[in-house]
Amino acid sequence: MCTFFHTQENVHTWIGFAELAKCSVPPMKRGKLCDLFKTNYEHMKKKILVVDDERTIRMLLENYLGQNYEVTVKTDGLDAINWLNTGHIPDLIIADINMPNMDGHAFVENIRSSGYFSGIPIIMLSASESSSEKVKFLRLGASDYMVKPFNPEELEVRIELLLNRN
Amino acid sequence: MDEKLYDTELISKISRGNPNFIRQMLVVFTEDVPKSLDLIKHGIAENDHETIMRQAHSLKSSIDLLNISPSKSIVRQIEEYARAKDEIERIESLYLTMERDILTVIESINKDLTA
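Protein chains in written order, with the numbering used here: chain A, 1 to 166; chain B, 1 to 115.
For the record, the hints were derived by calculation from the structure and aren't laboratory data. Every residue gets a Cβ at the ideal spot worked out from N, C-alpha and C, and that includes glycine. Careful: at least some of the hints might be erroneous.
Derived DSSO-like pairs: lysine-lysine, alpha-carbon spacing no greater than 30 Å straight-line [what the hints assert, rightly or not]:
1) 72/B to 136/A
2) 13/B to 111/B
3) 134/A to 111/B
4) 4/B to 45/A
5) 111/B to 72/B
6) 47/A to 111/B
7) 134/A to 47/A
8) 85/B to 35/B
9) 134/A to 72/B
10) 72/B to 13/B
11) 85/B to 136/A
12) 134/A to 85/B
Beyond 12 Å from chain A on every Cβ pair, some chain B residues (computed) [what the hints assert, rightly or not]:
13) 5
14) 15
15) 24
16) 28
17) 37
18) 41
19) 62
20) 64
21) 67
22) 74
23) 87
24) 90
25) 104
26) 108
27) 113
Computed, partial: chain A to chain B, Cβ under 8 Å [claimed, not checked]:
28) 54
29) 55
30) 106
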């Protein structure tokens with residue numbers, strides 16, 4: 001199964017493009033095409049979207065994660081949703097909870113109820129140590145929850161685990 | 001002994017010791033934190049617990065990031081009191097202590113940045 005893009009639908013879109021370009025792709029070649037895309041995809045930097053209204057956190061995450069990932073930063077949930085709606089698909093999202101315009105709660109709800117983005121893993125990064133807050137977000141559909149200030153190595157491991165799971 | 005009022009250990013770890021980045025983060029701290037303090041002060045004047053709670057919450061990570069020990073527990077108390085809609089005088093008294101400590105830290109950072 002080709003699960004290297006977020007959805008199998010994406011793979012079929014790529015196969016569709018290839019079919020248009022080469023007129024047709026026999027079924028037995030499809031597997032090879034999938035492998036080709038997989039090889040190319042694995043060499044690409046994975047994309048991480050960081051959503052936080054605090055400049056220091058955005059700068060820290062961009063600096064730290066930017067060495068291994070392609071990082072995009074947005075200042076609040078609404079800004080992030082607008083960016084996603086213009087055709088950008090990150091491999092993972094790191095989001096704050098307390099943000100203006102659209103907070104973390106509304107943001108996660110929005111992502112999880114959207115058919116297109118619902119499979120993207122989300123790590124909540126919050127200044128709140130409260131266990132009930134953590135449980136609330138995990139129930140809402142967040143994939144993980146970390147407290148600020150974060151241990152960079154721990155964050156990186158959690159990112160890797162989520163990316164490998166998907 | 002000249003005791004350091006803040007430390008950049010965590011920023012240094014995250015930036016893998018990049019001195020330019022550490023400097024940039026300190027500049028951002030001196031620019032952004034006074035704005036949050038002003039908003040808390042304004043919230044106290046207006047009896048606006050929601051603003052106080054939100055600003056104290058966001059200030060928490062900046063304070064933790066530079067490990068400003070005396071303000072760590074105070075900012076959390078301010079956030080809790082604001083969430084519980086506690087008496088504004090109680091919050092104000094904590095705020096004044098925190099403001100004094102943080103402004104001293106900012107002064108110290110500015111001195112270090114120009115040294």
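Status of the hints after comparison with the structure:
{"no.": "1", "hint": "72/B to 136/A", "verdict": "holds (25 Å)"}
{"no.": "2", "hint": "13/B to 111/B", "verdict": "holds (23 Å)"}
{"no.": "3", "hint": "134/A to 111/B", "verdict": "violated (40 Å)"}
{"no.": "4", "hint": "4/B to 45/A", "verdict": "violated (40 Å)"}
{"no.": "5", "hint": "111/B to 72/B", "verdict": "holds (22 Å)"}
{"no.": "6", "hint": "47/A to 111/B", "verdict": "violated (39 Å)"}
{"no.": "7", "hint": "134/A to 47/A", "verdict": "holds (25 Å)"}
{"no.": "8", "hint": "85/B to 35/B", "verdict": "holds (22 Å)"}
{"no.": "9", "hint": "134/A to 72/B", "verdict": "holds (21 Å)"}
{"no.": "10", "hint": "72/B to 13/B", "verdict": "holds (20 Å)"}
{"no.": "11", "hint": "85/B to 136/A", "verdict": "holds (23 Å)"}
{"no.": "12", "hint": "134/A to 85/B", "verdict": "holds (23 Å)"}
{"no.": "13", "hint": "5", "verdict": "holds (17 Å)"}
{"no.": "14", "hint": "15", "verdict": "violated (5 Å)"}
{"no.": "15", "hint": "24", "verdict": "violated (7 Å)"}
{"no.": "16", "hint": "28", "verdict": "violated (5 Å)"}
{"no.": "17", "hint": "37", "verdict": "holds (15 Å)"}
{"no.": "18", "hint": "41", "verdict": "holds (19 Å)"}
{"no.": "19", "hint": "62", "verdict": "violated (6 Å)"}
{"no.": "20", "hint": "64", "verdict": "violated (5 Å)"}
{"no.": "21", "hint": "67", "verdict": "violated (9 Å)"}
{"no.": "22", "hint": "74", "verdict": "holds (15 Å)"}
{"no.": "23", "hint": "87", "verdict": "holds (23 Å)"}
{"no.": "24", "hint": "90", "verdict": "holds (21 Å)"}
{"no.": "25", "hint": "104", "verdict": "holds (19 Å)"}
{"no.": "26", "hint": "108", "verdict": "holds (18 Å)"}
{"no.": "27", "hint": "113", "verdict": "holds (16 Å)"}
{"no.": "28", "hint": "54", "verdict": "holds (6 Å)"}
{"no.": "29", "hint": "55", "verdict": "holds (5 Å)"}
{"no.": "30", "hint": "106", "verdict": "violated (15 Å)"}
Violated hints for the displayed structure, listed by number in ascending order: 3, 4, 6, 14, 15, 16, 19, 20, 21, 30.
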